[in-house]
Amino acid sequence: MPIDVVCEECGHELAVSGEMAGRKGRCPECDGVISIPGDEARAPRGGAFTPIPRERPAAPSGGLVAMANLVTVLAVASLLLCAYVGVYTGVTAFKGAESFHGAFGLFSDCQAAVEANSTLMGVAFCLGGLLAGFLSFVILLATAQAVRMFLSLERSLREIAWQLTDAPRD
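Note that the working numbering gives residue 171 to position 159 of the sequence shown, counting from 1, and the numbers run on in steps of one.
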């Protein structure tokens, strides 16, 4: 059964399908938004009505996606850098105190320890660099994954809200 409605913006009277009760639509005259009342206002009459199409939720912002990708790249870079520094310094420690120099001049204050036991210090630097690289990689990768999970959750919640509501989205 049709429902009689009046546009609040232009005063145009029209009748809409009873299926539209409780929803919103656009006036065919002025394109203004009309709220369709519930079952209490039904009356037989003809008329035109254009329902407002609902839009799907927007995709996640590009900034968060870019940040997750950047953190992933930083995770790989930190792994490689820490491993390089540790292994390079360890290899120079294996060669002995006279050739010991850390990568980028790091660990120059360890010269005396390398003189005492170059093998032990070489192993310590190699393992320390690999461990530091692995830990930084895991921490940064977990951060990137947390951002991706947040984006997935946000997308899912928007989709659920879109499916549950009958009201048009602005």
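Think of the hints as simulated: they come from the structure by calculation, not from any bench.
Predicted, not measured: the structure shown is a model, and the values here were computed from it.
A virtual CB, placed ideally from N, CA and C, is assigned to each residue, including glycine.
Be aware that a few hints might be false.
[Unchecked claim] Derived CB-CB ranges, DEER-like:
#1 V85 - S120: 38 to 46 Å
#2 E21 - L86: 28 to 36 Å
#3 L86 - S111: 43 to 51 Å
#4 T131 - L165: 31 to 39 Å
#5 Q175 - P40: 45 to 53 Å
#6 S111 - T155: 36 to 44 Å
#7 Q175 - V103: 53 to 61 Å
#8 V45 - L93: 54 to 62 Å
#9 V88 - G117: 23 to 31 Å
#10 W174 - D16: 26 to 34 Å
#11 L132 - I172: 52 to 60 Å
#12 E110 - R167: 37 to 45 Å
Tested hints:
| no. | hint | verdict |
| --- | --- | --- |
| 1 | V85 - S120: 38 to 46 Å | violated (30 Å) |
| 2 | E21 - L86: 28 to 36 Å | violated (54 Å) |
| 3 | L86 - S111: 43 to 51 Å | violated (32 Å) |
| 4 | T131 - L165: 31 to 39 Å | violated (51 Å) |
| 5 | Q175 - P40: 45 to 53 Å | violated (28 Å) |
| 6 | S111 - T155: 36 to 44 Å | holds (39 Å) |
| 7 | Q175 - V103: 53 to 61 Å | holds (60 Å) |
| 8 | V45 - L93: 54 to 62 Å | holds (57 Å) |
| 9 | V88 - G117: 23 to 31 Å | holds (24 Å) |
| 10 | W174 - D16: 26 to 34 Å | holds (30 Å) |
| 11 | L132 - I172: 52 to 60 Å | holds (59 Å) |
| 12 | E110 - R167: 37 to 45 Å | violated (60 Å) |
When held up to the earlier numbered hints, the structure conflicts with 1, 2, 3, 4, 5 and 12 and fits the remainder.
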